[in-house]
Amino acid sequence: MREMISMIVVLTVLTAVSGGLLAAVKSGTEVQIENQILKFQKAPAIQDIFPEATNDPLAERFTITAEDISLQIFPTKMADGSNAIVFETKGKGGYGGDVGLMIGINLETDQIVGARVTTHAETPGLGARAKDDPEFVSQFADQPIDANLALKNDSGTIDAMSGATITSKAVTLAAIQAQELYQKLKPEIVKQMK
Amino acid sequence: MAQSLAKEFTKGLWAEIPPFRLVLGLCPVLAVTKSVENGIGMGVATTFVLVFSNLLISLLRNVIPSKVRIACFIVIIATFVTIVELVMQAYTYELFLKLGIFIPLIVVNCIVLGRAEAFASKNSPVLSVADGLGIGIGFTLSLAALGAVRELLGNGTITIWGGTPVFEMGANFLPFQFMIEAPGAFVGLGLMLCLMNLIGKK
Amino acid sequence: MGDLFVLAISCIFINNILLAQFLGNCPFLGTSKKMETAVGMAMAVVFVLVMAGIITWIVDAYLLKGLNVEYLRTVSFILVIASLVQFVEMFLKKSIPALYAGLGIFLPLITTNCAVMGVCLINIKEEYTFLETVVSSFAYAVGFGLALILFAGVRERISLARVPKPLQDTSIGLVTAGIIALTFMSFKGMV
Amino acid sequence: MIPALLFMLGIGAVCGIVLSLSSKVFYVYEDPRIALVENNLAGANCGGCGYAGCSSAAEAVVTGKAPPSVCVISSKEGVEAVAKIMGVDAGSAESPLSYSLCEGGFRAADKYHYMGIPSCKAMAASFGGKRVCGVGCIGLGDCVKACQFDALKLGPNGYPVVNDDKCVGCGACQQACPKDIIQVHTLSENLLKFNQMDDPLAPCAQTCPAEINIPRYISQIREGKYKEAVETIRLRNPLPLACGRVCPHPCEDYCRRGIEDEPVSINQLKRFASDYEMNSGSRIPIKCAPDSGKKVAVIGGGPAGLSCAFFLRRVGHEVNIFEAMPKLGGMIRYGIPEYRLPKKVLDWEIQGILDLGIKSFTNVKFGRDFGLGSLMASGYNAVFLGVGAWEDYTLGIEGESLTGCFTGINFLQRIAGGEQIELGKTAAVVGGGNTAVDCARTLLRLGLEKVYMVYRRTRKEMPANEVEIVASEEEGINFVFLAAPTRVIGDDNEQVTHLEYLKMQLGEPDASGRRRPEPIGGSETLLDVDMVISAIGQAPETEFKKQDPNPRMEELELTRWNTIDNDPATLQASIPYIFTGGDAATGASLVVEAIGGGRRAARSIDLYLKGEPVEPVKESLQKKHIPESLFTKVDGIQKSDRAKMPEIHVEHRLDSMIEVDLVLPEEQALKEAERCLNCCRICYNPDTDFPIEK
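These protein sequence lines are chains A, B, C and D, in that order.
Everything in the first sequence is counted per our numbering, starting at 24 for the first residue and increasing by one.
Everything in the second sequence is counted per our numbering, starting at 2 for the first residue and increasing by one.
Everything in the third sequence is counted per our numbering, starting at 921 for the first residue and increasing by one.
Everything in the fourth sequence is counted per our numbering, starting at 980 for the first residue and increasing by one.
In short, the hints are calculated from the structure, not lab data.
No experiment lies behind these values; they were computed from the predicted model shown.
Careful, some of the hints might be misleading.
Stated by the list, open to error - Ranges of calculated distance between the beta carbons of each label pair, as one might list FRET restraints:
{"no.": "1", "chain 1": "C", "residue 1": "Ala1018", "chain 2": "A", "residue 2": "Arg25", "range": "28 to 36 Å"}
{"no.": "2", "chain 1": "A", "residue 1": "Pro67", "chain 2": "B", "residue 2": "Phe177", "range": "26 to 34 Å"}
{"no.": "3", "chain 1": "A", "residue 1": "Ala82", "chain 2": "C", "residue 2": "Leu987", "range": "26 to 34 Å"}
{"no.": "4", "chain 1": "C", "residue 1": "Met963", "chain 2": "B", "residue 2": "Asn173", "range": "47 to 55 Å"}
{"no.": "5", "chain 1": "C", "residue 1": "Gly1022", "chain 2": "B", "residue 2": "Asn173", "range": "34 to 42 Å"}
{"no.": "6", "chain 1": "C", "residue 1": "Ile1016", "chain 2": "D", "residue 2": "Gln1330", "range": "29 to 37 Å"}
We put the beta carbon where it would ideally sit given N, CA and C, even for glycine.
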């Protein structure tokens, strides 16, 4: 019996100490980690979509919460002075997980400025091609917000990457989701931007 | 004392250098050695975990009941792994992304648990740290070596830190893509092991 | 349903846990010297991986996310997996000795099998649903078993061949694994 | 921070509780040493050792399948700790070594020409290999390839040679060998190995009741490795000095050279090697396994008891010998006269056995001074009952109690014990066995004028050793063959004066193949003697069964010859913890038979002490031969003279008890060793370059 108690006590104390220690480390590094994620994951994509942005979208970021959706918005000033935003959506992948898509939309014209795949490919094959294949994502550029962004197979307008149909589909799903979100949240976004 | 300290330290560098002499901890060895930089990063992370978990386990070695020994060791190791994970995320994010899932998997690296059980749970903290440091550095060297071979053949470069290659093959060199891919990892390690056997035979 | 099938296929072949993801290589080399051991190990991995996948998914969905302490994932997962394996081992030994004789002796090997931990982490990272988690865990385990058994078959043959001394055993095993991995690479075009 | 703390606290507590509860609920008994050993393995469950995780590896260590150094990560300290748990020091731990059994090699003829891949496994798949010998080495070196430690190489003779210094006993070679030619076992396993049908054994080695590897020690003598030769003999026979002097060497009857020529003088070579050790002035150290913690009582310090004690001690058990007589040795001390086996030699030999750490208690008689009950109370785990056969059969004729009548063993024993016996001038010794000859030759040396040997049959049928008969003829013993004593006649003082016997003639052969002697009616003849010694055989003395008050003794079954009933294959008696051997088990027989029996009992006792079923050796070769190894002709033999045993000239013998037979000089011994064909199961070396049939 004593042995059992000592087993339980030692393990419990150890895990508790571990939990405390980790919580402390976490709180110490939390801000830095968030900055890193923004810097390495979001920033390059924003930079790609709006190479001539005149503001610092990262610094001006804000979060919109409507209903059960929470969305991080990066506002951008384009070279011509018009306002645009960038945000990320996720497209359900057929295998190997979701594909993240950063999509930039001009608030004035309601036109898609550009899109970039963000998901870092841990699993070889998925997402990687979408990232390496600028042809594919460039199809989204300058599309109106209500364009049919489905794949041609699904009676849409986008050409799938050859040999990566499922990944292509995941990307289009993300794009379509972005369209929906934008249309739903635009008033809210505009209000926040002021 | 100093002598045994030196002995425990140096054995990890040659006599028991993982993963060649101790054929353990292969997963990270195979997965992250696409470049020297990755290899070193992984090696340093593992060394950190090895040293600190060895130290702590050695300190607690008389308190932990034997039946939950493994569970306790794993918790200790996992704690340090998580610390490494968080710190890397905060300060070397790119490397963190490249090493990906293999950072948390240091927990199940047989070398770490193996040293905890085989050495730290039976030896004084000072010796345990020396042992952890030796084995860790040996592991780092191995990773770097394999990384160098694979990067050189597969990409034509050797990059120690920060993206700029310290060495580049001439423009005529046609990278041997196979070495960067999964099969190249197996074959590369297999051949290096063979080389070690050849040298060790003397 | 179709999606789940695609998921399963990709987990077994394209992202084969041993040959593409490099997880679980220590037991891969350790238990592949004999076909008999390889089969036992493969079965044990299927068994444990599915159970571990389910439990860690639950822990993650209801505890880690609920309490907003995702950074404790590594610690809690490994602790849960280690305890689970130890528990299953004790349970089988006492209650179903026949099964224990076949599978149980491989269970301890699984605690430190990074394939188990790795798959649990992948399940969470890819934000699989519960059902997808079950399927992917099972499929990854089957992929592990497939590669292990294939490899064991090849290794049994190799043991007959005349291999130069320095290349023997693990060394030639690794090279062989490389060639098997090469064949698995061709599955990449499948999806 | 608080949720993290609570979460980890909770998960830790749950895991701790589940594990501690299930360790109680699902508790299964296992050898506690397994857990202890596991604690000292690296615990990484990496599988690097080839076992499925640390607990399997620990189990393998405890069951002896794996060495303490099994773990690939474990430090030196870990190995030592494991070794300590196994009850041994790492240094003295009984490490298994690899042994190559086949010595045929290139000598073995080929059945077919093989052109497949150079692998034993592959070749074994077609008709078990190309070599004619069914059990022999294939010689393609799979074992050499399997060895990770460079301890094996294919020797110049075509079979693998083990380098003991490099071998770690990992067993890889054994697994690689498709023919079981290379085997990994510990010294203990080697000591308790018995001949089996599929062993590569020469006919002599099959015949030897002690199962000594005769060709091996002879070839060691030939190479001048006398020390190694003695070690080879000691693997099977703890009494080579005694055996080398008194053994009737049944092995020589099966010597393959003997088919075409005179057999090799095997026993003299054994004596040469063992005398070499004794005369060298130092003892060759004898290796013992680490202590097992088990205790065995050996009752009877004769050859069977000494042999059993010797082997039990060498495999690690504590052994105490209990002897009824004042000194150890039993029949070889008290039944074999000084001139055949000097007491000094015997003392030296027995001391060597006791030096292994065996304690002996003399002058204590089983049944009278101690019994089963007291042995069990003293913590003995098993008992070896080797009390010998000391009760002489009597002639069952009139006048046997007259003064001047003696029985053989009793007489020899009293002489050996230094007792002064009133002797006469002429004596008749009845019987034709070694005891009778010993009595007769002893009497001559005690100064009697005339000694008759009275035997029912003829010289040809005499069971005594031929050399003994020849020696007694030389020494002037008078043989009275075909004579059956009918009466001992005495004078008024109850003193023997005559022995009356009936003349016999040989009739039809009886069941034993000897012609049955039949009395000739009315042929009564008187022999003028004043001493009659009857030496017609002995039976065990089993008084202890009645004397021992322990009720358990009832269960000990005896046979109708008064021997202890036993399973001849295991020598286990009707009480499971009692084992027997030697004359007590078989009735009066050879010394070498008793030595073999002692070792066989030691094997059974070892199994019994380990808690394993006491089962006979599988495919045992006990009292059998491998048919294919027995030739009717041997090619390529050139006749060469067998070494003649040097002996003291008959004129110098009779004054004292001085040893008659002498040891071969080195030069002659080497020459004799050259005569050995170095046979294996079917291979041998012809003297000429006569081609062995391919």
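Hints and how they fare:
1. Checked against the hint of 28 to 36 Å, the pair Ala1018(C) and Arg25(A) passes, with Cβ atoms roughly 34 Å apart.
2. Distance hint for Pro67(A) and Phe177(B): a CB-CB separation of about 29 Å, consistent with the stated range 26 to 34 Å.
3. Taking 26 to 34 Å as the suggested C-beta distance range, the pair Ala82(A) and Leu987(C) conforms, at roughly 31 Å.
4. Look at Met963(C) against Asn173(B): about 51 Å separates their beta carbons, and that is inside 47 to 55 Å.
5. Judged by the Cβ atoms, the range 34 to 42 Å given for Gly1022(C) and Asn173(B) is violated: they are separated by roughly 57 Å.
6. The beta-carbon spacing between Ile1016(C) and Gln1330(D), approximately 58 Å, falls outside the hinted interval of 29 to 37 Å.
Going through the hint list in order, the structure does not satisfy hints 5, 6.
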